[in-house]
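Student: If you want the building blocks of each chain, they are given just below.
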Amino acid sequence: MSHSITDATLRQKTIAGTLVILYASITMVPLLWIFMTGFKTPPDSISYPPKIVYQPSLEGYVNLFTTRTRVSPEKLAELPPPKNFAEEIVRNREMVIAGPSKFGERFLNSIIIGFGSTFLSIFLGTLAAYAFSRFSIPLADDLLFFILSTRMMPPIAVAIPIFLMYRQLGLSDTHLGMILLYTAVNISLAVWLLKGFIDEIPREYEEAALIDGYTRFQAFYKVVLPQAATGIASTAIFCLIFAWNEYAFAVLLTSGTAQTAPPFIPTIIGVGGLDWPAVAAGATLFLLPVMIFTVMLRKHLLRGITFGAVRK
Amino acid sequence: MIEKPLNRLAQATPTPIARRVKGLSDRAIAWIFVGPTIFLLLVINIFPLIWTINLSFTNFKANRIGREIEYIGLRNYERILGDSDIWLSMQATAHFLFWTLFLQVIIGFTLAWLINRKFRGNDLWTTIIVLPMMLSPAVVGNFWTFLYQPQIGLFNYVVAFFTGADPSSFEMLGSVNLAPWAIVIVDTWMWTPFVMLICLAGLRSIPNYIYEAAEVDRASKLRQFFTITIPMVLPFLMLAILFRGIENFKMFDLVVQLTGGGPGSTTELASINLKREAFEKWRTGYSSAFAIILFVTVFGLASIYVKALNKVKER
Chain C
1 MSHSITDATL RQKTIAGTLV ILYASITMVP LLWIFMTGFK TPPDSISYPP KIVYQPSLEG
61 YVNLFTTRTR VSPEKLAELP PPKNFAEEIV RNREMVIAGP SKFGERFLNS IIIGFGSTFL
121 SIFLGTLAAY AFSRFSIPLA DDLLFFILST RMMPPIAVAI PIFLMYRQLG LSDTHLGMIL
181 LYTAVNISLA VWLLKGFIDE IPREYEEAAL IDGYTRFQAF YKVVLPQAAT GIASTAIFCL
241 IFAWNEYAFA VLLTSGTAQT APPFIPTIIG VGGLDWPAVA AGATLFLLPV MIFTVMLRKH
301 LLRGITFGAV RK
Chain G
1 MIEKPLNRLA QATPTPIARR VKGLSDRAIA WIFVGPTIFL LLVINIFPLI WTINLSFTNF
61 KANRIGREIE YIGLRNYERI LGDSDIWLSM QATAHFLFWT LFLQVIIGFT LAWLINRKFR
121 GNDLWTTIIV LPMMLSPAVV GNFWTFLYQP QIGLFNYVVA FFTGADPSSF EMLGSVNLAP
181 WAIVIVDTWM WTPFVMLICL AGLRSIPNYI YEAAEVDRAS KLRQFFTITI PMVLPFLMLA
241 ILFRGIENFK MFDLVVQLTG GGPGSTTELA SINLKREAFE KWRTGYSSAF AIILFVTVFG
301 LASIYVKALN KVKER
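Those protein sequence lines, which keep their order, are chains C and G.
Using our numbering, the first residue of the first sequence is number 1, and each one after it goes up by one.
Using our numbering, the first residue of the second sequence is number 1, and each one after it goes up by one.
Don't read these hints as lab results, they were simulated from the structure.
Note that beta-carbon positions come from the ideal geometry of N, C-alpha and C, so glycine has one too.
You may find that some hints are simply not true.
[Claimed, not checked] With a Cα cut of at most 27 Å, we get these calculated BS3-like pairs of lysine-lysine: (1) K118(G) - K13(C); (2) K299(C) - K61(G); (3) K13(C) - K299(C); (4) K102(C) - K83(C); (5) K221(G) - K13(C); (6) K299(C) - K313(G); (7) K221(G) - K118(G); (8) K313(G) - K221(G); (9) K61(G) - K221(G).
[Said to hold, decoys possible] Derived contacts from chain G toward chain C, CB cut-off under 7 Å, selection only: (10) F119; (11) I246; (12) F252; (13) L274; (14) K275.
[Said to hold, decoys possible] Here are the in silico distance ranges between beta carbons for each label pair: (15) G270(C) - K118(G): 47 to 53 Å; (16) F119(C) - N54(G): 30 to 36 Å; (17) I230(G) - P138(C): 54 to 60 Å; (18) L79(C) - W51(G): 53 to 59 Å; (19) W87(G) - P289(C): 41 to 47 Å; (20) D26(G) - G256(C): 43 to 49 Å; (21) V43(G) - F119(C): 28 to 34 Å; (22) S303(G) - T257(C): 18 to 24 Å; (23) G270(C) - G262(G): 17 to 23 Å; (24) G170(C) - I230(G): 55 to 61 Å.
Using the sequences and the hints, build the whole thing.
Tutor: Below, the structure is given as structure tokens:
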């Protein structure tokens, strides 16, 4: 038994465990509620007292993906029988499906902009990080600090001139504009983190490769890149999560074509302000991928969220 | 051995390029590698910053293109310092900043300390606790308005259940007294795990032999806590406060979804005020000046703080 005097006793462990589990359970309630509300009918979602046991329904998801129009009961009776479950749900509310909603498009925008900016930040960030790690660059420390300090600016402060600049360049509300913007924001974190990862790869490997006749480029992508793969992957996840969650720039600089999901989801609620199941359904679909990533990558979390300040 | 890769490269590329690639000095490669990043940051971060500084001396309004731009010197800055709205928003920011940091440090450290007892399954529970902070603040903030609904909201229901109050008798987001606390609660829910994770890293960095030595010296557990645990975790804790401080000073997405700055302007934090000035009233020059003031404030406070942090680290 490797029991040291500093280890917690079983009783201490039980108490600590109970308290932590209690906190974790409370903290999960809002997230669980989002998930549950997504499967409620609108009347169930706003009933008092809040319903914990209810008849699950897909109405929220149907409403999320469709736009609907109200029809009179007489007209409803004339229609052919509903073709699928979605139509049936909608007709129970005396409505018919008018077409798809914008949610699919907005979700796709989030994917395009998220992955586009992540790819670009990682591509440029890895090159820059390698250079900072391996070559002596004049004023390297100042440059690095400058790169990181760009993240201290409030997004709204940067948004004013970006808004004006994009209007002139025709980049407002375009995918390219948002990809470039998110890349600029993310690249600071990417360079900083990746430099830390590359610093840890012994120089000897590359030097051996150089002696073997590899050029610098070859040494970089044949020796260093494979070694930094884990670091690059976890940095990429952080860039992706940032771009995925970003709201301030998205709400100010996009309105249609390139609008991502975060500014869109709150607008699903509709005019009456009662369609919470649809909002919850949208939120569930949007949040779930991040949760899965978080659980999968929990071992690499710490370094990313602390800007690489905490290394293990 | 040495010839082989070279030959392959020479065969694969036309001679002039091959010679050029091979002839690139390390310095040239360094600039090729760093160049694009610096360029992007210059165009999307530095150029806009300079433009903002320039705009802050004008009376420019972005919704009126073509009108002549007048340089009005420091008048925007003078007006901001005398603007009671701005001071109210700074007050709201200070309240938000103080209470979120206070609560997150207390709860985050306690959680980390408990998790460090290494009970079975602590890994799993840590991951669950971390979930809120990885999610989109706007989407989550929007949903919290539902939880905060009087009568039907889950939050009101739970509070009513435990206190016996009527769940429709208080509006977390609609009341002037409660709204500033409503945003503190959600931010604490969301970001306590961040402080917790950093504290946990701090606690795990303390080598066991220090405690063992203290045990040999018969130092009490309480004494160990205050003379070993706290001082060793302090640099980590200060780092957590720095990151959270900067983030919450810029806070926008979560609170704009929760309250939009209301009721009245009780939760109108600096960034929300800035957004209103810049994108609703379209006072571009004026808001640029405010943006610069905010930026200088964050930067200044952070620099002072980092100096203090380094002192703590040296000890």
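Student: Quick check on a hinted range of 28 to 34 Å for V43(G) and F119(C), using CB atoms only.
Tutor: At 19 Å between Cβs, range violated.
Student: Evaluate the given range 54 to 60 Å for the C-beta pair formed by I230(G) and P138(C).
Tutor: violated, 42 Å
Student: Falls inside 47 to 53 Å, the C-beta gap from G270(C) to K118(G)?
Tutor: holds, 49 Å
Student: Quickly compare the C-alpha distance for K299(C) and K313(G) to 27 Å and report which way the hint goes.
Tutor: With a Cα-Cα distance of about 26 Å, the restraint between K299(C) and K313(G) holds, given a limit of 27 Å.
Student: Checking one constraint from the list: CA of K13(C) to CA of K299(C), max 27 Å. Satisfied?
Tutor: Answer holds: K13(C) to K299(C) is near 22 Å, not above 27 Å.
Student: Evaluate the given range 43 to 49 Å for the C-beta pair formed by D26(G) and G256(C).
Tutor: Because 47 Å falls inside the window, the suggested range holds.
Student: Holds or violated: is there a CB of chain C closer than 7 Å to the CB of I246(G)?
Tutor: With a minimum Cβ separation of about 6 Å from chain C (threshold 7 Å), the hint on I246(G) holds.
Student: Any CB of chain C closer than 7 Å to the CB of K275(G)?
Tutor: Since the shortest Cβ distance to chain C is 5 Å, the answer is holds.
Student: So the hint says 41 to 47 Å: do the beta-carbon atoms of W87(G) and P289(C) match that?
Tutor: holds, 42 Å
Student: Is the shortest C-beta separation between F252(G) and chain C less than 7 Å?
Tutor: Check passed: Cβ of F252(G) comes within 5 Å of chain C, closer than 7 Å.
Student: For the pair L79(C) and W51(G), does the Cβ-Cβ distance stay inside 53 to 59 Å?
Tutor: holds, 58 Å
Student: Is it true that the CA of K61(G) sits at most 27 Å from the CA of K221(G)?
Tutor: Roughly 63 Å separates the two Cα atoms, so the pair is violated.
In this structure, the earlier hints numbered 2, 9, 17, 21, 22 are contradicted, and the remaining ones agree with it.
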